[in-house]
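Chains A and B, in that order, are what the protein sequence lines are.
Anchor point for the first sequence: position 331 equals 331 in this note's numbering, and the numbering is continuous, going up by one each time.
Anchor point for the second sequence: position 226 equals 226 in this note's numbering, and the numbering is continuous, going up by one each time.
Any given hint could be a false lead.
Distance windows between CB atoms, simulated [claimed, not checked]:
1) B:Q187 to A:A328: 34 to 42 Å
2) A:A137 to B:G59: 46 to 54 Å
3) A:H369 to B:A110: 17 to 25 Å
4) A:R308 to B:V65: 41 to 49 Å
With the Cβ distance kept under 10 Å, some of the chain B side facing chain A (calculated, not the full set) [unchecked claim]:
5) S31
6) Q118
7) S239
Source of the hints: derived by calculation from the structure; they are not laboratory data.
A virtual CB, placed ideally from N, CA and C, is assigned to each residue, including glycine.
So you can see what is in the structure, the chains are spelled out below.
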Amino acid sequence: MSAIGCAPRSGGVPGRPAHCRAAPSAVLLPPRRTRRRQLHMQINAAAVSAAGWQGQGQQPQQQKKEKESMGARILAGVLNLSSAPYSSYIPEPKTFLHHASAEAKQLWTVGVLLVMARASPPVRLAIAALLLAATVAALPARLWRSQLARLGGLCAVLFFFTIIGAEGVPPVLSDRSLPAAAAAAAAGSAGGAAAAAAGELPASMAQLGGPPYRYVVFHFWFITITKRSLNLALALTGLTFAALQSASLCLVTTPPEAMARAVGRALSPLGLLGLPVRELVLTTLLALRFMATAFEEARNLCLGLASRGINWRQQGLRGTVAICVGIASKLFSNLMARCDNIAVAMSARGFQGPTRHELRAASPPVPAHQRVQRLAADAGVLLMLAALAAAAYLVV
Amino acid sequence: MAQACTATAASAQRQPQRRRGISKKVLDRASLEVPRGSFHMLLGANGCGKSTLLRVLAGLFQPDVGQVHVDAPCGFVFQNPDHQVVMPTVAADVAFGLGRYQLAPAAVHAVVQHSLAQVRLAEYAERPTSSLSGGQKQRVAIAGALAECPQVLLLDELTTFLDYEDQENVLQCVRRIVDSSRRQQAQQVQQQAAAGAAGAGAAAATAGGQQVAHAAAEEAGVTALWVTHRLEELEYADSVSYMDGGRIAFSGSPAEMKAYMRRLGAPV
């Protein structure tokens with residue numbers, strides 16, 4: 001390979017030939033500290049393999065040992081993420097959601113959130129199942145698997161802590177029992193009334209012929225799960241899942257500029273009241289562009305970190321936190337520098353401010369059959385939303 | 001041949017340095033003339049002032065003293081495509097520069113498709129820019145500059161961040177753009193000369209044809225000014241200038257430049 005072929009990409013890691021894959025810091029360690037050097041090399045090799053270079057002669061056991069270090073695990077987690085950022089637009093393969101207009105999808109997203117907030121637990125589960133089915137149908141398997149696995153993990157954690165936390169940890173309250181003297185006086189007068197009431201009232205709801213009811217669903221030691229905590233956990237998890245997944249579906253199946261234009265059209269009445277709609281649309285569009293930029297910058301910094309072969313165990317917690325803070329500040333400064341450069345490029349391309357610059361639609365004129373397809377997809381999306389709203393109203 | 005851009009910048013100082021209270025002379029009596037319709041390369045070591053001169057030509061920096069003339073419109077492509085690509089999808093980014101013109105949606109679509117076809121990325125119109133390789137992003141940036149039908153393309157070390165294959169692709173792409181604009185210009189000249197011959201007598205037609213040809217030579221398609229520090233890229237150029245210490249030290253054909261570099265001791 002020529003020297004030019006080895007040139008690094010932007011912010012990336014320079015390519016290394018096969019014979020120089022061992023981390024140099026490992027070689028520089030003194031020979032006396034054999035055990036530490038061995039561990040150091042293991043961590044270096046795993047960090048390098050996380051950066052995309054498969055180390056030579058790596059033993060699975062060594063890799064397992066290396067994963068005990070939290071810093072290396074976090075780093076490997078970031079580097080193992082897909083190079084496409086979460087919720088970025090995917091034009092292919094085209095599904096029915098791609099044909100629906102951005103306005104219909106935005107309405108669907110808001111509608112799903114409202115219905116999810118007001119619905120009963122069975123309808124919430126049905127909405128989550130519908131979103132799952134739409135995700136599986138609209139996205140390629142390599143994307144929906146990782147997306148749903150991460151989102152499922154987040155929702156599971158939320159559900160678990162809410163269900164055991166809502167009732168399991170009782171709040172500290174002031175003592176409501178009467179003072180001893182007052183309790184003795186009250187006991188005399190209330191005793192007769194209580195005996196009379198006990199004779200009249202049934203022992204449970206079952207004696208009245210009503211359905212069996214248990215407020216406490218499960219109790220063990222300090223963990224108490226009640227109907228209330230179950231409902232709360234379901235509502236919180238359902239809302240989180242619906243908010244993230246429906247927004248993700250919307251972004252994945254709609255070009256960002258179509259999304260920004262739809263936001264602009266929705267906000268246009270507010271323009272009469274002096275709201276800077278064009279600025280908001282441009283900001284939305286740049287924010288969608290910068291999602292990918294921020295992701296890429298973070299990934300590049302992590303690649304740079306992995307290529308240094310840091311011994312995370314040697315760093316300890318304080319060292320790991322210091323490195324993370326350093327990386328975070330570097331990320332912000334890099335992003336600011338990028339913003340500056342992009343602003344210069346925008347000026348060089350004739351941008352003179354959002355009021356004097358029209359964001360042009362580069363999409364081709366839509367033929368008649370595609371317009372029919374779009375109408376059908378919009379109708380389908382809105383019908384689904386109406387069905388969900390009706391179900392939420394009927395199933396109490 | 002007429003010049004697409006001429007610059008005589010006696011002194012230009014970098015703005016950021018001045019902002020910090022430091023003043024450094026970057027250009028020193030730099031004088032450059034680029035023939036219209038040519039692929040001109042500006043060679044020089046790192047820090048010799050190539051990029052500053054290019055920014056002066058683009059109007060991004062103002063020289064303290066000197067004159068600059070560049071045919072309009074003029075497109076600028078930056079070294080790092082990540083700084084140039086502004087919009088989230090390819091077609092939207094190519095159309096970004098058209099935002100200052102009053103154009104119908106069909107016209108915008110046609111221009112974008114034509115520009116993407118010129119850089120051989122027509123099928124990438126809907127792709128998110130974040131999913132492209134470095135070379136593809138660089139070509140999208142070139143397409144964005146081409147969408148405004150520029151007379152001059154100012155290209156600032158486009159191959160710095162690219163691997164060998166992408167470098168070749170980008171260089172060939174620019175070479176193709178210059179050549180195809182030349183061909184189009186030659187066809188137009190022939191058509192106009194033929195029209196002139198059909199409309200007038202033979203003697204008058206010859207004179208008229210010469211006038212048309214002269215007028216066409218004045219507008220000889222796209223001129224590309226390519227800044228680089230890589231000698232191996234010389235084979236793509238029509239003409240070359242060498243910059244050293246903020247001034248143009250030598251201008252000539254690629255063969256003459258190689259001879260000059262050999263005299264300087266470079267292994268060419």
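Legend entry - Hints that the structure is at odds with (numbers, increasing): 1, 5, 6, 7
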